[in-house]
Amino acid sequence: MSKKFRALCICIFVLLALTLSVHAQDTSTLALVQERGHIICISHSGYPGFGFLDEEGNFSGFDTDFCRATAAAIFGDADAHEILPASSADRFTFLATGEGDVIYRTTTWTLSRDTDNNAQYAVIYFYDGQGLMVPTSLGISTIEELDGATICTDPGTTSELNIADAFAARGLEYTPLPIEDDEEAWNTYLEGRCDVRTTDRSYLASYASTAFPNPEEHMVLDITISKEPLAHVVRNGDDQWLDIIQWVTFALINAEEYGITSENVDDFLDSEDPVVRRMLGTEDDFGGKLGLPSDWVYQMIKQVGNYGEMFDRNLGAGSPLNLPRGPNALWTDGGLIYAPPFR
Amino acid sequence: MRLLRPNLTLRRRMALPVAPVTDPQTNVLPPAREGNTALRWIKENLFSSLFDSVLTIISLLFLFFALRLALDWVFNLAQWDVITENINILMKGAYPSDQVWRIWLGLYLLGAIVGINLRAWNRELNRTTIAIAAIPLILALLPFASENARINLIIIQVTSAAAYLLTSILGDKRRRQLAAVMSILYIPVFILLLEGFTDEDGIMPLVKSDLWGGLLLSVLLATVGIIFSLPLGIVLALGRRSRQPAISALCITYIEVVRGVPLISILFMGNIMLQLFMPQSLPPIDRVVRVMMAITLFTAAYMAEIVRGGLQAIPKGQYDAAYALGFSGLKSMRVIILPQALRIVIPVIVSQFIGLLLDTTLVALVGLFDLLGIGQAILSNPNWLGRSQEVYVFIGLIYWILATSMAFASQRLEKNLGVGRNYDESQ
Numbered sequence: 043m044s045k046k047f048r049a050l051c052i053c054i055f056v057l058l059a060l061t062l063s064v065h066a067q068d069t070s071t072l073a074l075v076q077e078r079g080h081i082i083c084i085s086h087s088g089y090p091g092f093g094f095l096d097e098e099g100n101f102s103g104f105d106t107d108f109c110r111a112t113a114a115a116i117f118g119d120a121d122a123h124e125i126l127p128a129s130s131a132d133r134f135t136f137l138a139t140g141e142g143d144v145i146y147r148t149t150t151w152t153l154s155r156d157t158d159n160n161a162q163y164a165v166i167y168f169y170d171g172q173g174l175m176v177p178t179s180l181g182i183s184t185i186e187e188l189d190g191a192t193i194c195t196d197p198g199t200t201s202e203l204n205i206a207d208a209f210a211a212r213g214l215e216y217t218p219l220p221i222e223d224d225e226e227a228w229n230t231y232l233e234g235r236c237d238v239r240t241t242d243r244s245y246l247a248s249y250a251s252t253a254f255p256n257p258e259e260h261m262v263l264d265i266t267i268s269k270e271p272l273a274h275v276v277r278n279g280d281d282q283w284l285d286i287i288q289w290v291t292f293a294l295i296n297a298e299e300y301g302i303t304s305e306n307v308d309d310f311l312d313s314e315d316p317v318v319r320r321m322l323g324t325e326d327d328f329g330g331k332l333g334l335p336s337d338w339v340y341q342m343i344k345q346v347g348n349y350g351e352m353f354d355r356n357l358g359a360g361s362p363l364n365l366p367r368g369p370n371a372l373w374t375d376g377g378l379i380y381a382p383p384f385r
Numbered sequence: 241m242r243l244l245r246p247n248l249t250l251r252r253r254m255a256l257p258v259a260p261v262t263d264p265q266t267n268v269l270p271p272a273r274e275g276n277t278a279l280r281w282i283k284e285n286l287f288s289s290l291f292d293s294v295l296t297i298i299s300l301l302f303l304f305f306a307l308r309l310a311l312d313w314v315f316n317l318a319q320w321d322v323i324t325e326n327i328n329i330l331m332k333g334a335y336p337s338d339q340v341w342r343i344w345l346g347l348y349l350l351g352a353i354v355g356i357n358l359r360a361w362n363r364e365l366n367r368t369t370i371a372i373a374a375i376p377l378i379l380a381l382l383p384f385a386s387e388n389a390r391i392n393l394i395i396i397q398v399t400s401a402a403a404y405l406l407t408s409i410l411g412d413k414r415r416r417q418l419a420a421v422m423s424i425l426y427i428p429v430f431i432l433l434l435e436g437f438t439d440e441d442g443i444m445p446l447v448k449s450d451l452w453g454g455l456l457l458s459v460l461l462a463t464v465g466i467i468f469s470l471p472l473g474i475v476l477a478l479g480r481r482s483r484q485p486a487i488s489a490l491c492i493t494y495i496e497v498v499r500g501v502p503l504i505s506i507l508f509m510g511n512i513m514l515q516l517f518m519p520q521s522l523p524p525i526d527r528v529v530r531v532m533m534a535i536t537l538f539t540a541a542y543m544a545e546i547v548r549g550g551l552q553a554i555p556k557g558q559y560d561a562a563y564a565l566g567f568s569g570l571k572s573m574r575v576i577i578l579p580q581a582l583r584i585v586i587p588v589i590v591s592q593f594i595g596l597l598l599d600t601t602l603v604a605l606v607g608l609f610d611l612l613g614i615g616q617a618i619l620s621n622p623n624w625l626g627r628s629q630e631v632y633v634f635i636g637l638i639y640w641i642l643a644t645s646m647a648f649a650s651q652r653l654e655k656n657l658g659v660g661r662n663y664d665e666s667q
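Residue numbers (the numbering used here), protein chains in the order written: chain X, 43 to 385; chain Z, 241 to 667.
A few of these clues could be false.
[To be verified] For the chain Z half of the interface with chain X, some residues (derived, Cβ under 8 Å), not all of them:
#1 T324
#2 N326
#3 Q552
#4 A553
#5 I614
#6 A617
#7 G626
[Unchecked claim] Calculated from the model, a selection of chain X residues having no Cβ within reach of chain Z, i.e. all distances over 10 Å:
#8 P90
#9 L95
#10 S248
#11 L363
The hints are simulated quantities; they were obtained by calculation from the structure and are not laboratory data.
Note that beta-carbon positions come from the ideal geometry of N, C-alpha and C, so glycine has one too.
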């Protein structure tokens, strides 16, 4: 065996060993995050209301607030987070490679995504459905009248697949016009190059009311072609981390249910209600069960606010989008937002 | 063809200054001309014949209608507050506001270095030198510059002027040494300044490169790409011409593989795939560094072919002469062949650099916030939904200014080095 050949063999062996070590991942995500000193959330580089850069260069939005709340729960400091902007296609890779700890990025929970991507869906935090927007001048009111239409879609999203399903199920034809950039898709629709713009209903309505020159010339058809439950996602196989991500959202929802807000949370510290006491960590150490500090809920509410406050600030009445709560109201108000109890 | 001819004469007349021409047959100067020069220029260049007059009028009408709509949009319809409100993130991305002084400090240094270089390489002040030196002042006068930016830009201007004057104390040779050393050191110093040192709360805490964005990131990516791709390209070009089959095969493979795939796929490879092949025990490579590597490696392959073109243009006599003088291979390459070869290909190298600057916009697709990425991020802020025209026109203007200044700089460099002089003289 010549010297060169032996050197080559060693090189190949080292490379193989390095490649194989990718799969040897056993440390818990929480320990990793705590050692790093901040959490890395995979999120949007720009999606109105959910995640975008504000004028100061800080990330802002509904998804960003979940990231801040998680940082507050783990470290007691909402700023101990980092946003890793990702496209629709990148997000699962970033999660799988460990570059990010959790996906807070309007991700629709579907069966194939749950099983394909080595990803574990934690909790639904926003209920949406896909709608169809058309110019009022077309005089269309049902999906059947759209036979042969050109439709602007977002590539790589569930909405692209849903529209195909909806048309196939009814035996209708259409021409898809996939456009990656969201703003570009809107312009294409406004220029009339496609007859229909389809994406989540909430977004259709809020974008039209804020950005269209003449919002009254467009309408969202009274049909919802798909369920779009947006959920948080973590890696498979780390149950503690899954619990943490789930209970961060559950706690935010429970806080709204009990009327605990960032303004009045300090008043609740001497509350007699055992549920509130358990939540805020003044009785029983529920945080400890998750591996978190006992005041984790207090820190989240104090620094970020409850679910309702987050919604209002980013999507609802407190934002230019002015989205109604609709299905995202608490179950007590006839909505779908429901969390398991603190017990 | 006959139709085209008047056009050509028109263009040539517009391009060349009107000067008295000696009639070659009689060797007599034409009579001196009198009258209002502006009016004469208009008559000679725009209305010299019926055909010219018709063309001029049609063009003016066309310009009027085209520009009227454009100007109406710029001054009446466009809502420029989306730019003025977001000017900070357009310039620096998510770089923390309380650390921005570091960027300004880097720019003061840049001003000083420009001042030193202008003094070192130009014997006297001319119009171009003054135009370059006054860039900060011009920027400070722009309508959308903030109070803070104006003050800082004026400080840059003062630093630049002070450096220019202080350098005058030194002798000619010293000046050039100082200019060269400072220029080489500048980029690493600037990057260190941006990055900071430690995670603790010192004077300069670490600012992760994920936060760098906007024009800052675009220019930085382009600069790093330009600085590293040229030497790498030269090495690859020399390697491709090497007589060692292993080396030349390696270089040819590299060049052809890289030229065979689009930049965006290399960026995706670097950004997404690379991490899959790396052991997770190692910390992930910085995302900006990954992108810098991808851009540099990509451009180097093209640069190699450009340099090889230059090397092939050098006549064999030059190699023989160097050999006859007893120069080693390396030395003849360094002092005889390469300087000539690179001089020939300056125009192509610069257009490659301009291409590289514009290609940096692709990094927006892998989640970095370069100038274009910031533009897209602004457009998803609910406060600014639907302002895409204003944002994209502004970003396009910035790229146009950058690319055009590079083109002008290259023309000036060519003039200084005397590239293409033979061709000009023969005209």
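Checked hints:
1. Because the closest C-beta pair between T324/Z and chain X is about 10 Å apart, greater than 8 Å, the hint is violated.
2. For the restraint placing N326/Z at the interface with chain X, the shortest Cβ-Cβ distance is roughly 6 Å, inside the 8 Å limit, so the hint holds.
3. The closest approach between the C-beta of Q552/Z and any C-beta of chain X is roughly 34 Å, which is over the 8 Å cut-off, so the hint fails.
4. Taken as an interface hint, A553/Z does not check out: its beta carbon lies about 38 Å from the nearest beta carbon of chain X, beyond 8 Å.
5. Interface restraint check for I614/Z: the shortest CB-CB distance to chain X comes to about 7 Å, inside 8 Å, so the restraint holds.
6. For A617/Z, the shortest C-beta to C-beta distance to chain X is roughly 4 Å, which falls under 8 Å, so the interface hint holds.
7. Restraint check, G626/Z versus chain X: the minimum CB separation of about 3 Å is within 8 Å; hint holds.
8. Its closest Cβ contact with chain Z, about 5 Å, brings P90/X to no more than 10 Å, contrary to its assignment away from the interface.
9. The non-interface label for L95/X is inconsistent with chain Z: the shortest C-beta to C-beta separation is roughly 4 Å, within 10 Å.
10. Distance check on S248/X: its Cβ comes as close as 8 Å (rounded) to a Cβ of chain Z, failing to clear the 10 Å threshold; non-interface status is violated.
11. With a least beta-carbon separation of about 5 Å from chain Z, L363/X fails to lie farther than 10 Å from that chain, contradicting its non-interface assignment.
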